[in-house]
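> Sequence:
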Amino acid sequence: VEADMCMSFLAPGAGPGREDIELIPGGAEIPVTSENRRQFVDAYSEYLLRRRVQRQMNAFKLGFNVCLSARTLQLFNEEELELLVCGTPHLDFHALEAGTTYEGGFSAQHPTVRQFWRFVHSSAIHVQRSLLSFVTGSDRAPLGGLGKLKLLIQRAGPDTDRLPTAQTCFNTLLVPEYSSFDKLSRSLLRSLEHSQGFGLQ
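The sequence shown begins at 116 in the working numbering and counts up by one.
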């Protein structure tokens, strides 16, 4: 493999009609070989992860610094900053249940609501995360945990074949008064399988 990889130290232009980018000085004239392929991978990774998005990252930094000064930022380590920005990955659905409010004829003791929480607590973590994403737009808990999230479960009419819906801006889940646990479970799972949130992580 000597005339090797049939490529040089160039990255394709970001979009149609854009010129290729030299990954290192004179990169257009340097072929990628077995001996320098590691250098190519490092240079290409550095380009993709830093140079290519530098303008966007500078804009993000500027906006972020408007919200949180660089001096204040120094008070946090990486894990604390991730927690502030992304929320906690630990999900305590009992805390969420305790803080949930109900409307439209539902209450914490209503049979449909009891079946809903039975479904939640018995579901696998990936289903719980999908449900959280379906209702809030994110599969993570806010800072302080799920107990700080204000979830509203609202009755969406009598028993029906319609699926549950959500209003992510208001953390509201609209659930029809299903006739059985099985019907509620099937309907919720179908909603979760065929929904797409904002993709926030």
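Hints in this document: simulated from the structure, not taken from any laboratory.
It cannot be assumed that every hint is accurate.
[Unchecked claim] Here are the simulated EDC-like cross-link-like pairs (lysine to aspartate or glutamate), alpha carbons at most 20 Å apart as the crow flies:
1) K176 / D157
2) K176 / D207
3) K263 / D207
4) K263 / E212
5) K263 / D276
6) K176 / E193
7) K263 / E161
8) K176 / E197
9) K176 / E161
10) K265 / E308
11) K265 / E193
12) K263 / E195
13) K265 / E212
14) K298 / E308
15) K298 / D274
Keep in mind the model is a prediction, meaning the values are calculated, not measured.
> Evaluate each hint against the coordinates.
Evaluation of the provided hints:
Distance restraint check for K176 and D157: the Cα-Cα separation of roughly 25 Å exceeds the 20 Å cut-off, and the hinted pair is therefore not satisfied. Only pairs whose Cα atoms come within 20 Å are accepted, and K176 paired with D207 is rejected, the gap being roughly 32 Å. Restraint check for K263 and D207: the C-alpha separation of about 11 Å stays at or below 20 Å, so the hint holds. Between K263 and E212 the alpha-carbon distance is near 11 Å, which keeps this suggested pair within the 20 Å criterion.
Between K263 and D276, the direct Cα distance comes to roughly 32 Å. Violation of the 20 Å bound is thereby established for this hinted pair. Only pairs whose Cα atoms come within 20 Å are accepted, and K176 paired with E193 is accepted, the gap being roughly 16 Å. Proposed proximity of K263 and E161 is contradicted: the alpha carbons are some 39 Å apart, above 20 Å. Distance hint between K176 and E197 is fulfilled; the C-alpha atoms sit about 15 Å from each other, no more than 20 Å.
Restraint check for K176 and E161: satisfied, since their Cα atoms lie roughly 19 Å apart, inside the 20 Å limit. For the suggested pair K265 and E308, the alpha carbons sit about 24 Å apart, so the restraint of at most 20 Å is broken. Using a Cα cut-off of 20 Å, the hinted pair K265 and E193 is violated, with the two alpha carbons roughly 27 Å apart. Restraint check: the Cα-Cα separation between K263 and E195 comes to about 18 Å, which is no more than 20 Å; the hinted pair holds.
The straight-line distance between the Cα atoms of K265 and E212 is roughly 10 Å, inside the 20 Å bound, and the hint therefore holds. Straight-line distance between C-alpha atoms of K298 and E308 comes to about 15 Å, which keeps the hinted pair within the 20 Å bound. Between the alpha carbons of K298 and D274 the distance comes to roughly 9 Å, so the proposed pair stays at or under 20 Å and holds.
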